[in-house]
Amino acid sequence: MNTPTAPDAMYRNDEGLGLWEHRGKVAAVGVGHAPTARRWDGRPETCVGAISIQALRQAIDDAGVAPEQIDGLVVVPVTTTGAFWEEGKPLPMDVIESFQQTDDPLDGVAKLSAEWLLANMPELTNVKFTMYGPGCMSNALNVAAQAVGDGLTHTCLVVKSWHNFEGRYYQSGANAEEALPGTAAMTRLWGGPASYGTALQFAEYCRKYGKTHEMMAPFMENSRRNGLMFPEGYWAQHRPEELGREDYLAARWIAKPANLFDNDIPIMMSGAYLFSTAERAADMKQKPVYILNHASSNARPRSLTPTLDEVEAETARTARKIYEGAGITADDLSFENMYDGFSLFHQFHLEGLGYRGIKFGEALDFYQTDISIEGPNPVSPSGGNVGSGRSRVWMHTDCIQQLQGRAGPRQVTGVTPEVAVSGGPMPLGGNFTVWSASPD
Amino acid sequence: MTKQGVVPDSFSEPFWDAANEERLVIQNCRDCDRLQHPPAEACRECGAGDSLEWKPVSGRGTIYNYGVVHDCPVRLLQKDQPFNLAVITLDDDPGIQMFSHLPGTPVDDVPVGAAVEVIFEPTANGQLVPEWRVIAD
Ligand SMILES: [Zn+2]
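Those sequence lines, one after another, are chains P and G.
Position 240 of the first sequence, counted from 1, bears residue number 240 in this note's numbering, the numbering being contiguous throughout.
Position 91 of the second sequence, counted from 1, bears residue number 531 in this note's numbering, the numbering being contiguous throughout.
Rather than coming from a laboratory, the hints here were simulated on the basis of the structure.
The model shown is predicted, which means the values in this text are computed figures rather than measured ones.
Check each hint, because a few of them may be wrong.
Computed cross-link-like contacts, SDA-like style, restricted to lysine to any residue with a CA-CA straight-line distance of at most 25 Å [what the hints assert, rightly or not]:
#	chain 1	residue 1	chain 2	residue 2
1	P	K208	G	T545
2	P	K89	G	G553
3	P	K208	G	G553
4	P	K25	P	K208
5	G	K519	P	K211
6	P	K285	P	E418
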């Protein structure tokens with residue numbers, strides 16, 4: 001089986017497309033998560049392939065579906081958090097040989113192919129459709145939703161996993177060299193860390209609207225609180241520590257105004273979902289959560305890094321696409337669950353959506369009000385990457401679980417969970433899914 | 441602070457050769473009369489590849505924005521932390537940005553909006569690189 005990458009046509013990139021043609025006809029049912037870890041400990045049973053199998057089997061079991069009923073698999077093939085298997089480092093043969101292999105020995109260790117998964121999940125006997133949705137779970141969800149809607153698969157698994165190895169991330173390779181190739185050098189000689197671009201946008205935002213980094217504290221506190229109620233998450237599993245205002249503000253800078261906690265912590269994790277047609281979902285074990293729309297942003301900045309104007313124009317455009325295809329307005333959102341890694345761009349997504357009527361420049365003031373799961377205006381009930389580590393998955397799992405009414409201690413109580421949107425990552429460049437408790 | 445050296449490739453060579461002569465050139469599409477940076481194989485506006493040239497620009501700019509890097513992934517720069525990392529916009533076209541460490545400007549005391557001029561400083565292997573300095577009043 002040769003797995004293709006999803007064609008551009010599967011994403012809804014444009015405005016003016018009208019209602020999504022499969023609105024309410026595709027549903028998410030099962031959810032699966034493997035245990036998290038800070039880094040891979042080198043054992044076969046914790047490698048990225050193994051935890052992916054674990055998450056997938058849990059999603060199948062959660063949906064109450066027999067494995068032979070599954071006929072589709074959408075995979076994010078890239079699993080790195082920024083850590084790569086160093087060139088020349090001996091291959092972990094004991095791990096590799098514990099599994100059925102593909103042509104790449106690092107498949108299942110430092111990447112993930114659909115072929116590797118199928119070879120190592122012999123119970124999946126009827127998978128006829130496989131596709132890559134590269135990047136984030138947010139891409140893969142859009143691809144899976146479109147594939148089920150288009151009839152390419154009727155019962156489809158979706159998986160995104162992350163590996164994290166020893167060593168400080170992004171510090172090997174070109175960053176450790178004495179010289180850079182000329183083309184890369186034009187932008188990379190200055191040494192901005194990963195969060196630098198977001199830090200810049202946040203700095204411009206604060207200057208324009210008269211806001212401060214300190215005003216992020218209630219959002220960070222709320223996110224960690226929600227994350228600690230996410231039993232699948234890293235902080236809940238390994239470091240059940242609250243993130244108080246003082247802790248947050250005392251943290252060291254990475255790229256000021258982005259500090260350590262504004263940067264999500266890289267972890268080992270795997271998350272999986274089971275999607276199906278709305279008809280089939282009706283007979284499954286969990287309440288179906290219907291997909292009303294998916295939308296994408298593929299804007300690029302004019303030059304090196306997005307300006308605030310470019311950010312705001314694009315988040316507004318993305319929101320119009322989200323609402324148009326789903327046939328909803330901002331008033332329909334029960335809560336807000338957009339991406340937060342890095343935390344300093346969460347407000348851009350929130351303002352773009354116009355959640356609870358807020359406008360550009362108002363989100364940090366909104367953070368000073370009740371944004372808890374108990375209140376009328378929940379912000380990031382998942383806790384996001386701030387609350388559970390870098391996965392870009394928590395927001396999706398939380399939307400599904402909230403609308404199913406099984407978010408446990410995280411369940412929103414101040415609003416009735418009916419319609420939600422999740423997605424990201426960046427204000428320029430992301431994929432978004434609209435979820436609903438009912439198909440219309 | 442000394443940046444990593446540069447090994448020009450065929451694509452970037454005109455930019456780096458000009459820098460060694462203390463001239464700043466930016467990729468330009470002749471058909472669109474539009475600068476682009478970072479440079480690319482084709483014009484991002486019209487898609488043409490054969491209309492691209494390296495165009496001299498004035499070397500005057502403005503500090504648009506900045507951050508302060510405390511945890512740099514580039515090993516060679518780590519001893520200089522924390523350092524300013526600013527975004528400069530060119531006066532020739534304020535849509536075009538360049539990065540700068542703003543030599544001579546105190547850390548985290550950056551006059552956003554101030555006028556700057558290009559200078560050229562040596563990298564670790566002697567290749568000159570465009571940098572920017574605040575113009576004194
Ligand atoms: Zn052109």
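Hints, verified against the model:
1. K208(P) with T545(G): holds, 23 Å
2. K89(P) with G553(G): Given that 25 Å is the threshold and the Cα spacing comes to 48 Å, the pair is violated.
3. K208(P) with G553(G): OK: K208(P) and G553(G) at ~13 Å, within 25 Å.
4. K25(P) with K208(P): violated, 43 Å
5. K519(G) with K211(P): Measuring from Cα to Cα gives roughly 32 Å; hence the hint is violated.
6. K285(P) with E418(P): holds, 20 Å
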